Amino acid sequence: MSTTFTFATPDGPRDIAIDQLVIAGWTARDRAAVDHHIAELAAIGVPPPSTVPLFYRVSAELLTQGEVLAFLGGDSSGEIEPVLIDDGEQLWLGLGSDHTNRKLESHSVAFSKQACLKPIGKEIWSFDDVRDHLDELELTSFIRDDDAGEWVVYQQGPLAKIRPLLDLVAASPLGEGERMGAGVAMMCGTLGAQGGVRPARHFRMQLHDPVRGRTLSHAYEATILPVIA
Numbered sequence: 001m002s003t004t005f006t007f008a009t010p011d012g013p014r015d016i017a018i019d020q021l022v023i024a025g026w027t028a029r030d031r032a033a034v035d036h037h038i039a040e041l042a043a044i045g046v047p048p049p050s051t052v053p054l055f056y057r058v059s060a061e062l063l064t065q066g067e068v069l070a071f072l073g074g075d076s077s078g079e080i081e082p083v084l085i086d087d088g089e090q091l092w093l094g095l096g097s098d099h100t101n102r103k104l105e106s107h108s109v110a111f112s113k114q115a116c117l118k119p120i121g122k123e124i125w126s127f128d129d130v131r132d133h134l135d136e137l138e139l140t141s142f143i144r145d146d147d148a149g150e151w152v153v154y155q156q157g158p159l160a161k162i163r164p165l166l167d168l169v170a171a172s173p174l175g176e177g178e179r180m181g182a183g184v185a186m187m188c189g190t191l192g193a194q195g196g197v198r199p200a201r202h203f204r205m206q207l208h209d210p211v212r213g214r215t216l217s218h219a220y221e222a223t224i225l226p227v228i229a
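The sequence shown begins at 1 in this note's numbering and counts up one residue at a time.
It is possible that some hints are incorrect.
[Claimed, not checked] The following label-pair restraints were derived from C-beta to C-beta distances: (1) Thr9 <-> Asp135: 17 to 25 Å; (2) Phe111 <-> Val153: 26 to 34 Å; (3) Arg198 <-> Gln90: 32 to 40 Å; (4) Thr6 <-> His107: 30 to 38 Å; (5) Pro10 <-> Leu54: 31 to 39 Å; (6) Asp129 <-> Gly88: 13 to 21 Å; (7) Asp30 <-> Pro226: 35 to 43 Å; (8) Asp146 <-> Gly181: 36 to 44 Å; (9) Leu225 <-> Ala170: 34 to 42 Å; (10) His107 <-> Gly181: 28 to 36 Å; (11) Pro10 <-> Phe111: 37 to 45 Å.
[Unchecked claim] Quick list of in silico lysine to aspartate or glutamate cross-link-like pairs, EDC-like style, CA-CA up to 20 Å: (12) Lys161 <-> Asp132; (13) Lys161 <-> Glu136; (14) Lys161 <-> Asp35.
Bear in mind the hints are in silico, worked out from the structure with no lab data behind them. Just so it is clear, the structure is predicted and the values come from calculations on it, not from any experiment. C-beta: ideal position from N, C-alpha, C; glycine also.
With these hints in hand, go ahead and build the complete structure from the sequences.
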């Protein structure tokens, strides 16, 4: 089953039906950074990956452009990721959060990926417009715990810290050269969290293009549902 999303593009709105979602994990370009992220998650009980990188298949119905989202329990947190979307005609670059249940992650990363909604932004850029300066694009996420609090930088760094996105496409289970097939979206990995992985009620993220002077952004609030025994 596919879900159709309306995205704003520099050339006007575009409707794209997405029916498959892949989440690429452990995608840092620097092996030391991968080992750091493995150790970071090991500190909260997450087992190491079987291979690097690793591609998780989850339901595309988890994708949402909503801004107030419900999650079970208080053990989940967001993480900023570049998102590639193939509409069957071309490749697009967007922004998303691989929001993950950290308690469940200590049991199974794959199960934890499926347990949470995956917020994505409402704007996308043509991949061809950024492919020649991808490494210069800058990812930043911010968190805050309450409505009156200040935003704190949670993650920050250039796409140069993540494996080349087209290399991830080629290595993914749905990759076909530089394409993935109509209706496929892939989250392409994240950056280490400043101060450690932790939940927050509010999550804001942005992908800045310093060459073209533009920014993709999205924010959402996590509301917590009680865990009933």
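The hints, checked one at a time:
1. Thr9 <-> Asp135: 17 to 25 Å: With a Cβ separation near 22 Å, threonine 9 and aspartate 135 satisfy 17 to 25 Å, so the hint holds.
2. Phe111 <-> Val153: 26 to 34 Å: Given about 30 Å between the Cβ atoms, the range holds.
3. Arg198 <-> Gln90: 32 to 40 Å: Hint holds: Cβ distance 37 Å, inside 32 to 40 Å.
4. Thr6 <-> His107: 30 to 38 Å: holds, 36 Å
5. Pro10 <-> Leu54: 31 to 39 Å: Holds, since proline 10 and leucine 54 (Cβ atoms, about 33 Å apart) stay within the stated range.
6. Asp129 <-> Gly88: 13 to 21 Å: With a Cβ separation near 18 Å, aspartate 129 and glycine 88 satisfy 13 to 21 Å, so the hint holds.
7. Asp30 <-> Pro226: 35 to 43 Å: holds, 41 Å
8. Asp146 <-> Gly181: 36 to 44 Å: Holds: the Cβ-Cβ distance is about 42 Å, inside 36 to 44 Å.
9. Leu225 <-> Ala170: 34 to 42 Å: Since the Cβ atoms of leucine 225 and alanine 170 sit about 39 Å apart, the hinted range of 34 to 42 Å holds.
10. His107 <-> Gly181: 28 to 36 Å: holds, 31 Å
11. Pro10 <-> Phe111: 37 to 45 Å: holds, 38 Å
12. Lys161 <-> Asp132: Distance of about 16 Å is within 20 Å: holds.
13. Lys161 <-> Glu136: The hint holds at about 10 Å.
14. Lys161 <-> Asp35: Holds, because 13 Å separates the two Cα atoms, which is no more than 20 Å.
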